[in-house]
Amino acid sequence: MKAVWYRIGPILTVVIAIFVLWYAGSVALNAPWAYDKAKRAGVELSTSELIADTMNQKKPKLPPPHQVGAEIWKTTGDMVVRGRAFSKRSLLYHSWITLSSTLLGFVLGTGLGIALAVGIVYNRTMDMSIMPWVIASQTIPILAIAPMIIVVLNAVGISGLLPKAVISMYLSFFPVVVGMVKGLRSPDHMQLDQMKTWNASGNQEFWKLRLPSSMPYLFTSLKIAMAASLVGAIVGELPTGAVAGLGARLLGGSYYGQTIQIWSALLVAAALAAALVGLIGLVQNVVLKRMGMVR
Amino acid sequence: MIWAITGIIAWLAGWRLNVWLANQPKTRATRLAVPIIFGVTLIVLWECVVRGFEISPVLLPAPTMIAARFAVSTGILWEDFVQTVIKGALSGYVMGCGAAFLTAIAVDRFPFLQRGLLPVGNFVAALPIIGMAPILVMWFGFDWQSKAAVVVVMVFFPMLVNTVQGLQATDHMQRDLMRTYAASYAQSLIKLRLPAAMPFIFNGLKIATTLALIGAIVAEFFGSPIKGMGFRISTSVGQLALDLVWAEIVVAAVVGSAFYGGVALLEKAVTFWHPSQRG
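If you read the protein sequences in the order shown, they are chains R and Z. Mapping the first sequence onto the working numbering, position 29 (from 1) lands on 29, and the numbers just tick up by one. In the working numbering, each residue carries its 1-based index in the second sequence increased by 295.
Isolated chain R, as found in the complex (with noise of 0.2 Å):
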């Protein structure tokens, strides 16, 4: 009980601390409205009835967490129980928009980047010349060439899933090579020469000495890839002017002035972002467990 209070406890104080800290915060942004409206209509706000006010305003400032909650309540578990789960209104189909993309990305993505790692490793010339300009690639910030992207694919011919995905892609195989490249590395000169006094061909080095022992290195790289990948989805979807996505519901909230969309949405992404990387954990917990690298 006191191992379980000695890592959980301090994660809650803090958790809880952003609730309180949020309500406060809600109150303070949302109080002048609360007061411009009272004085219009010639009455007193008592301090209780400040509070109640700056609850539930149909446009705050910053909606206190309730309100997201029941907004997203609204347009998730709401919808599905009156068997409109993919509605254009519901906040699923707008999540399995970004989700679709995101995964398509991150996929790309890592295939990308682990071909890429394994010419690095195994060419010298690929090595010296694409390495550099792996990494500058990313000092480049795509997220701001994102509607440009998306315009000249769509000008091609090419809409739908896969300009955004390319988005994700290029954010998400940058980790993938550099992970990769590591991890294709990390056998020790000791292991290398068991190899070779084993006779093993450079396939067999490959499949089971180099790939095996990058595994670990792969898991942590595929957190960050999944993480950079919902990012480049959601952002893939702010040019094409709103239509479906998380992306578009950030830009049409803003639009409109409309909080507690922007808020519902980012938070369901913030799940999604959670659920995602979380998923991989588990898988990184089983299989480097099967191969008996954790205990």
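Honestly, the hints are just simulated from the structure, not real lab data. Predicted, not measured: the structure shown is a model, and the values here were computed from it. No residue lacks a Cβ here, since even glycine has one placed at the ideal position from N, Cα and C. Certain hints may be false.
In silico lysine-lysine, DSSO-like type, Cα no more than 30 Å apart, as pairs [to be verified]:
#, chain 1, residue 1, chain 2, residue 2
1, Z, LYS321, R, LYS196
2, R, LYS223, Z, LYS563
3, R, LYS182, Z, LYS563
4, R, LYS182, Z, LYS321
5, R, LYS37, R, LYS59
6, R, LYS61, Z, LYS382
7, Z, LYS321, R, LYS61
8, R, LYS208, R, LYS182
9, R, LYS223, Z, LYS501
If you want the footprint, here are the derived chain R segments under chain Z, 3+ residues with CB under 8 Å [what the hints assert, rightly or not]:
#, region
10, 9-18
11, 111-118
12, 200-212
13, 225-235
Chain R is fixed; fit chain Z onto it per the hints.
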């Protein structure tokens, strides 16, 4: 046709040269020359592909066209640079990293907070924070203040997590030694723990450079005055002035690399004693 052949020849020649150079003994010169030759080859190939296949400039402008556009619109580019990089990204970067650094030092005194903040900070660092941009634009208005705010939020958590980890990087022996010297908390912080934390702090600072630029530019998509790199990119795409977009991208790439490179140089000067800098 002639362009296509030129392109293929240029590519083969460049790659051949690089293979030869890579098989020479590794010196400083070859290590610098190989990536540069690769980059130049790519640009030549790009030019040849655009000319050879007569790709319309609204899809992909040739490098020469981008360079020409860059030369005539330096005024606009400079204005955007000041608005986005200096006012938005840099001020946010300084505020965000500074605040995270101070918070980390405050948190460091309480192990309870440390154990709570590290997992939460790691979690938040993985979230799509960029989604906060529309909210912050709503709160702080369209001008650079809101962009700086987005940058602050984006760089805060990576920086915090790295600094807190760095402050734990000393081992028992070193801290015990400080105690035997009867060093006060402030003394051991300044003379031992901060220097030891520097590699971690610089790691955070480097991650934050790219985040700062991305934050400042993307925040402009949600509303901005009529200048700024993000504004220019999104409006020029609408006008199909892709050469101007690419000119902005060149600026962003150069600024991003310079920013990162500057921090890396500073790191080299500050953490010269660390094994990763000596090799």
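*Report holds or violated for chain Z covering the region 225-235 of chain R, Cβ cut-off 8 Å, minimum 3 residues.*
holds (count 5)
*asked:* With the threshold set at 30 Å, check whether the alpha-carbon distance from Z/LYS321 to R/LYS61 stays at or below it.
replied: violated (59 Å)
*Given the hinted pair Z/LYS321 and R/LYS196, is their alpha-carbon gap at most 30 Å?*
holds (26 Å)
*Are the Cα atoms of R/LYS61 and Z/LYS382 separated by 30 Å or less?*
Distance ~25 Å between R/LYS61 and Z/LYS382 Cα, so the pair holds.
*Count residues of the region 111-118 of chain R with a Cβ under 8 Å from any Cβ of chain Z, then say if the count reaches three.*
violated (count 0)
*Within a Cα-Cα threshold of 30 Å, do R/LYS182 and Z/LYS321 meet the stated pairing?*
holds (20 Å)
*Assertion that chain Z covers the region 9-18 of chain R - criterion: three or more residues, beta-carbon distance below 8 Å*: With 8 residues closer than 8 Å to chain Z, the region 9-18 of chain R meets the three-residue bar; holds.
*Keeping to a limit of 30 Å between CA atoms, is the pair of R/LYS223 and Z/LYS563 held or broken?*
holds (29 Å)
*Verify the proposed pairing of R/LYS223 with Z/LYS501, using a straight-line Cα cut of 30 Å.*
Answer holds: R/LYS223 to Z/LYS501 is near 20 Å, not above 30 Å.
_Would the hint linking R/LYS208 and R/LYS182 be met if the CA-CA limit is 30 Å?_
holds (17 Å)
*Decide if the proposed pair is consistent with the structure: R/LYS37 and R/LYS59, CA atoms, cutoff 30 Å inclusive.*
Holds. R/LYS37 to R/LYS59 sits at ~13 Å (cutoff 30 Å).
*Within a Cα-Cα threshold of 30 Å, do R/LYS182 and Z/LYS563 meet the stated pairing?*
Since the Cα atoms of R/LYS182 and Z/LYS563 sit roughly 22 Å apart, the hinted pair holds (cutoff 30 Å).
Taken one by one, the earlier hints fail for this structure at numbers 7, 11, 12, listed in ascending order.
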